[in-house]
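2 protein chains.
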Amino acid sequence: MNSSLSPILNKIEPGDKGVMELARKRQDSLTKPRGSLGKLEDVSVRVAGMRRCITSTFDNKAIVVMAADHGVVAEGVSAYPQEVTRQMVYPLLTGCAAVNVFARHIGARVVVVDMGVIGGFEPNPLLECKSVAFGTANMAQGAAMTREQAIDAVEAGIAVIESQIAEGLDIVGTGEMGIGNTTAASAICAAVSGRSAADVTGRGTGIDNKQLLHKVEVINRALEINRPDSNDAIDVLSKVGGFEIGGLAGVILGAAANRIPVVIDGFIAGAAAIIAVKLSPQVKDYLIASHLSVECGHRIMLEYIGLQPLLSLDMRLGEGTGAALGISLVEASIKILREMKTFDETGVSDKDTES
Amino acid sequence: MNSSLSPILNKIEPGDKGVMELARKRQDSLTKPRGSLGKLEDVSVRVAGMRRCITSTFDNKAIVVMAADHGVVAEGVSAYPQEVTRQMVYPLLTGCAAVNVFARHIGARVVVVDMGVIGGFEPNPLLECKSVAFGTANMAQGAAMTREQAIDAVEAGIAVIESQIAEGLDIVGTGEMGIGNTTAASAICAAVSGRSAADVTGRGTGIDNKQLLHKVEVINRALEINRPDSNDAIDVLSKVGGFEIGGLAGVILGAAANRIPVVIDGFIAGAAAIIAVKLSPQVKDYLIASHLSVECGHRIMLEYIGLQPLLSLDMRLGEGTGAALGISLVEASIKILREMKTFDETGVSDKDTES
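These protein sequences, in sequence, are chains A and B. Under this note's numbering, think of the first position of the first sequence as 121, with each following residue one higher. Under this note's numbering, think of the first position of the second sequence as 121, with each following residue one higher.
So that you can see chain A by itself, here it is in the shape it has in the complex:
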């Protein structure tokens, strides 16, 4: 059915259990109580399975930030005006948005992609143009996009990440910018998980109680009118998704197909991860959840996928800010495997493992 996506979907293999076992054995032999680095040990083992190597290095890190507009903003679901999507692309390009600060902090590049911002942009060497259309249609009145547009968005994301991988990228974080996109992410979460819109809808950039009730009502209307098929990820994406969400799903698929770890950001990046996992369940083996957003649907998303977040900082900014901080933790976890010594190597007495 999604025949143009078949080659990439067929290329995605599960993480390598043999290498994961080697990584676990090494973690257990290092001079520290077994398991004492908690979630970071698990992350290092999973990354070993992704990379087929227990001592990976990450020399080429990027946060891919995809921007697009959402027709549903016409319903008054956001605290900020629609033009902020476009306006925020410039700080992203000049390096003064929050994600740029965190990316520099961890030694990563920021790759900014226009997936469908209203009005588009003048050609700019720092901005990748993959615009599918000038914003989605209003999902409260019909499908957000056509099925073809949904596939175009996913394919654009695959092209972006494959070009980055060709340049040497070895770990990627997913980020986004799009006024109205928590509404799309909530709708995707509700459609796929079967939870009510009220359960998965939060305050986004900061709406009040009255606006929150209205946002839930808009999402219910969108789900009612569109009736997305939860077994068909492209149907869900086209009916209640967004171009940046489709693009990030493509980034995830392309990374997984090339055995590149993907550190996902918050709620909107989580919606993209759900679309990708629905297209290929093996994708999960390549995903690391960076943080738990304050958006109430995010926990439901991560449980649906089966991921545990590393950070819980009450963040709700998006852009890939959590992903950047998460990449640094992933890198730290792998450095433990690479740089620590074992009980045998150091002559430190191990715990009596017979007891």
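Treat each hint with caution, since some may be false.
Stated by the list, open to error - Quick list of simulated restraints, FRET-style, between CB atoms:
no., chain 1, residue 1, chain 2, residue 2, range
1, B, P201, A, G155, 15 to 23 angstroms
2, A, R172, B, P401, 51 to 59 angstroms
3, A, N244, B, N130, 53 to 61 angstroms
4, B, D328, A, K137, 23 to 31 angstroms
5, B, L246, A, R229, 33 to 41 angstroms
6, B, T462, A, F241, 17 to 25 angstroms
7, B, Q428, A, K137, 34 to 42 angstroms
To be verified - Heads up, simulated DSSO-like pairs for lysine-lysine below, C-alpha to C-alpha not over 27 angstroms straight-line:
no., chain 1, residue 1, chain 2, residue 2
8, A, K159, B, K159
9, A, K471, B, K330
10, A, K137, A, K461
Think of the hints as simulated: they come from the structure by calculation, not from any bench. Glycine included, each C-beta is placed from N, C-alpha and C at the ideal position.
Keeping the supplied structure of chain A fixed, place chain B upon it in accordance with the hints.
Chain B only, in chain A's frame:
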């Protein structure tokens, strides 16, 4: 009563509320929804109050790792033999312990201090010798140390940090190594918080259920025999503490007196923080909790002091591993204040703040 500590205690001033207000205003004016960086915004505001500057830089970071032995190990409270304290000092010095890996990852130095390891060490330029004695006495049979030794340990910690500050240190993490020291930390936590030993005692390096019950019984015996005075921090430290715990309390006091942020590690570093806060409540303004340990008493400690941890990675290693990762987050939070631009500076439309 602790007259020799009075000069440093008198030097500790609260964080500067005026500078904190300036930092909060700047956070609120940056191109992101207000509050959207969650705990990191709060940390940046608190650090501004500590440093009297909203755009600090951290160019000289260190983790101070203090090692000492504990007489209570004779009661069989640990999964590892006592000589591991001594053995683990060597990986710390050669840079292959877990904290060294994380310190390199975040660009920090590791300062290793012998506060009282059995047998001591040959002179080594990489190791600071502040040994109070070759291990504490067995707290299950009497006081762990004399009152004089407790004050000596705190003063040694003050000397260590003041020497580091003289060399330019601008942020410090606290770490430790000492077989048996979760027993001391649990006893301190119980003595000060009034909670039962069972509530605040965990598995340390990895003991089983039977050993855990025994550990609780040993702590109860130590509290019964010693009856530490919860209103006298030096009494608590001398009766059920440890030399590295006293030393870290001194590091904290010395840092606070010099307006240096202290990122505290896990359970044992938390016990040192409790001693320091008991000696001077203003110290709290200079403390940042890096992570929540799996040791059950750690949450009780942090609540007692009034701190929220940044990371929750199910770690229980000590050495300052959590502190190192926490320092990186503190630095990221301050870079936001320094490197992001405001709505006015970028021309991005702000949310209608009247609504």
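The hints, checked one at a time:
no., hint, verdict
1, B/P201 - A/G155: 15 to 23 angstroms, "holds, 19 angstroms"
2, A/R172 - B/P401: 51 to 59 angstroms, "holds, 53 angstroms"
3, A/N244 - B/N130: 53 to 61 angstroms, "holds, 58 angstroms"
4, B/D328 - A/K137: 23 to 31 angstroms, "holds, 29 angstroms"
5, B/L246 - A/R229: 33 to 41 angstroms, "holds, 36 angstroms"
6, B/T462 - A/F241: 17 to 25 angstroms, "holds, 23 angstroms"
7, B/Q428 - A/K137: 34 to 42 angstroms, "holds, 38 angstroms"
8, A/K159 - B/K159, "holds, 20 angstroms"
9, A/K471 - B/K330, "holds, 16 angstroms"
10, A/K137 - A/K461, "holds, 23 angstroms"
Of the hints listed earlier, there is not a single one the structure fails to meet.
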